[in-house]
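Listed in order, the protein sequences are those of chains S and C.
The first sequence begins at 1 in this note's numbering and counts up by one.
The second sequence begins at 1 in this note's numbering and counts up by one.
Simulated from the structure, these hints should not be mistaken for laboratory data.
Predicted, not measured: the structure shown is a model, and the values here were computed from it.
Heads up, a few of these hints could be off.
[Unchecked claim] Here are a few chain S residues that face chain C, going by a calculated C-beta distance under 10 Å:
#: 1; residue: 27
#: 2; residue: 65
#: 3; residue: 75
#: 4; residue: 80
#: 5; residue: 82
#: 6; residue: 88
#: 7; residue: 92
#: 8; residue: 96
#: 9; residue: 99
#: 10; residue: 100
#: 11; residue: 103
Heads up, the beta-carbon is just placed ideally off N, CA and C, and yes, glycines get one too.
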Amino acid sequence: MSTPPQPRTSEGAPATQRLQLTLFISGASPRSVQAVRRLRDLCDRHAASGYDLEIVDIYQQPEDVVARGVLAVPTLIKELPLPVQVLIGDFTNGPRILAALGLSPVQTTDV
Amino acid sequence: MTNTDVEDLGKLPRTQLPKSPTGIDGFDEITDGGLPTGRPTLVCGPAGAGKTLFALHFLVNGVNRYSEPGVLLTFEQDGADVVADASSLGFDLDGLERDGRLLVDALTLEPQVVDTGDFDLEALMVRLAFSVRNVSAKRVAIDNVEALFATFSQPSLSRSELRRLFRWLKNQGLTTVITGERGDNLLTRHGIEEYLSDCVVVLDDRVVQDVATRRLRVLKYRGSTHGRNEYPFLIGHDGLEVLPITSLSLNQEVSHERLSTGINGLDEMLGGFGVFRGSAVLVSGTSGTGKTTIAATFADAACRRGEKVLFFSFEESSSEIYRNMASVGMDIGGWVQQGLLRFHCERPTTRGLEDHLATMQALIHEFAPTLVVIDPVSSLARGATPFDVSAMLMRQVYYLKSAGITAVMTGLDEEAGVEQAIVKISSLVDTSLEVVMLTAFGERNRGLYVLKSRGMAHSNQVREFVLSDIGVDVVPVVIGAEGVLTGSARIAAQSAERAAAEGLSLESEKLATALEHRRESVDAHVATLRADFAAEERLTRRLIEASEQRQQAVQRDRLAQGLRRTVIPPENQP
Chain S
1 MSTPPQPRTS EGAPATQRLQ LTLFISGASP RSVQAVRRLR DLCDRHAASG YDLEIVDIYQ
61 QPEDVVARGV LAVPTLIKEL PLPVQVLIGD FTNGPRILAA LGLSPVQTTD V
Chain C
1 MTNTDVEDLG KLPRTQLPKS PTGIDGFDEI TDGGLPTGRP TLVCGPAGAG KTLFALHFLV
61 NGVNRYSEPG VLLTFEQDGA DVVADASSLG FDLDGLERDG RLLVDALTLE PQVVDTGDFD
121 LEALMVRLAF SVRNVSAKRV AIDNVEALFA TFSQPSLSRS ELRRLFRWLK NQGLTTVITG
181 ERGDNLLTRH GIEEYLSDCV VVLDDRVVQD VATRRLRVLK YRGSTHGRNE YPFLIGHDGL
241 EVLPITSLSL NQEVSHERLS TGINGLDEML GGFGVFRGSA VLVSGTSGTG KTTIAATFAD
301 AACRRGEKVL FFSFEESSSE IYRNMASVGM DIGGWVQQGL LRFHCERPTT RGLEDHLATM
361 QALIHEFAPT LVVIDPVSSL ARGATPFDVS AMLMRQVYYL KSAGITAVMT GLDEEAGVEQ
421 AIVKISSLVD TSLEVVMLTA FGERNRGLYV LKSRGMAHSN QVREFVLSDI GVDVVPVVIG
481 AEGVLTGSAR IAAQSAERAA AEGLSLESEK LATALEHRRE SVDAHVATLR ADFAAEERLT
541 RRLIEASEQR QQAVQRDRLA QGLRRTVIPP ENQP
């Protein structure tokens, strides 16, 4: 499954599989809002092959919470590329997130 | 339940805390109604203590008996495993889920979760709320909540989130059972009991003298009285069962119907009709006195009436009993073939005391007999403390009595310790029969007497208990000059008596004849004597006559001589 690079992709990154992510958040809580902002920021900068991010509000879609076995918020599930990886937390630990997502940090000024 | 008694003393009107029954036999009794409604209860204990089972009982009984749908949130296993395990214990989780009355939410916690910063467990509450709404649940079980600590690396966060969860459950008015593994010095490994202060139940599985006994204790119950003892509990065929010895109530219905013991002579001793239906009978005696045989006659008599009998044998196999009873004319095997009699033979040492009780009750429940034989109760006592034994027997007796089942138990007298146990239950039994060995004239014979028999006139005699190839009977002994005669001495005495009675008429006839002969001979003798006398009399009288004539002649001669000697005649003198 190869997809053409997205416009936001930084140049020079290896053309790997496009990231498919699902993020579970709890409504508009400050932690959730911040988590979404941090995740988008990280992906924008480091996901060279581009990414799709689906955001699930646990209050709106509880059946998805049950179906995916989610306990904590924020929970990020990396659906693709395989293996599926589950990340819990508000994305304050940048390097650990990148490693879990299989991304190599791209050298930019404000990492 | 001492606490209840105390409560009864209080005169203040009080509102009873609403309670949700668990449907676990015995538990609702010791908690005076069950778990606190709308509040979380912590059930903790070591691995394998029965925590999950407790939670399942609470939920499934809630659905089936109290129309309260439930949600099971489990961190322990995946959904299919939970359902499979539960079905092996007789819980049809699948069926209840299909009916929409129960929801199993099995969470497999992945240890390889990457921790990227702060989080909360809002999703857990959301999914729980979703499940609760789905089935309109009133009850929730969370098994085992401490698994969360293994998944998330920040214990303080897990703890504060759990606290929030418990508060949420309380706010939702959900009656909840939360299980937790026992820790080293704490009730739970992560000290969550700190947040669960409404009701705490501690389960334990202890091994004493190689016998494992499960115990349950209600450590605290805010706003309610509860039995504070440790209660033994069982995991049997019907699941979990708490056995609160102290709360056994004495309100069973009694029957006035009388049952034959199967031994005519014994029925006679018991007022002529035998024992009461639904009563407890204890047959005690030393080894070899025929206790099993007496128990078997009760069984045989019940089968003859077409009733079902369950025979628990802890010393002999069923085939041994068939053979032994056939030797006294009882066809025990025949009743088994007809399905009226069932044997359960087991070595008493194979399992713990409580396990035996559970098995016995399960079998009784399944077979629904009207009479149960436990032969012997004393052998169950090996390896157990006398208190355990008497407590168990007491429960067994109460169980049978409350079910209206006649219980026939045998007890061996000579085992140390057991005697005490038997002494303790002897106050529970209604009819106590004692078989003793009577030794006299070089023989040992069995004597049987009624130690007690409540509610009926009964014989105070020691009777002889006779086993023969035509059957079993209890016969009156003979009391002769030598004392109580049994065995061949009794038979000899009896036959002598019989012979005497028979011989008496013959004897008197003989005597009468002899007397007649004697009379004839006496009469003859008298006749002879009379004849002799008459002859003698005649002779004597002739002799007397002759002598008198001679005397008169002498006198005449003397006068004549005198006249001749006188010169002057007396009239012619001057």
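Okay, the hints, checked on the actual structure:
The beta carbon of residue 27 of chain S is positioned within 10 Å of a beta carbon in chain C (closest approach about 9 Å), and the interface hint is therefore held. Taking 10 Å as the C-beta contact cut-off toward chain C, the hint placing residue 65 of chain S at the interface holds, the least distance being around 5 Å. Because the closest C-beta pair between residue 75 of chain S and chain C is about 7 Å apart, less than 10 Å, the hint holds. With 10 Å as the threshold, the beta carbon of residue 80 of chain S stays out of range of chain C, its nearest partner Cβ sitting at about 17 Å, so the hint is violated.
Hint on residue 82 of chain S is violated. Least Cβ distance to chain C is approximately 14 Å, over the 10 Å limit. Checking residue 88 of chain S against chain C by beta carbon gives a least distance of about 5 Å; that is within 10 Å, so the hint holds. Contact between residue 92 of chain S and chain C, as hinted, is supported at the beta carbon level, the nearest pair being about 4 Å apart and thus within 10 Å. Satisfaction of the interface hint for residue 96 of chain S is found here, the shortest Cβ-Cβ separation to chain C being roughly 6 Å, below the 10 Å cut-off.
Proximity of residue 99 of chain S to chain C holds as hinted, the smallest CB-CB distance being about 8 Å (cut-off 10 Å). Given hint, residue 100 of chain S at the interface with chain C, holds; its Cβ is 4 Å from that chain's nearest Cβ, closer than 10 Å. At a threshold of 10 Å, the smallest CB-CB gap from residue 103 of chain S to chain C is about 13 Å, leaving the interface hint violated.
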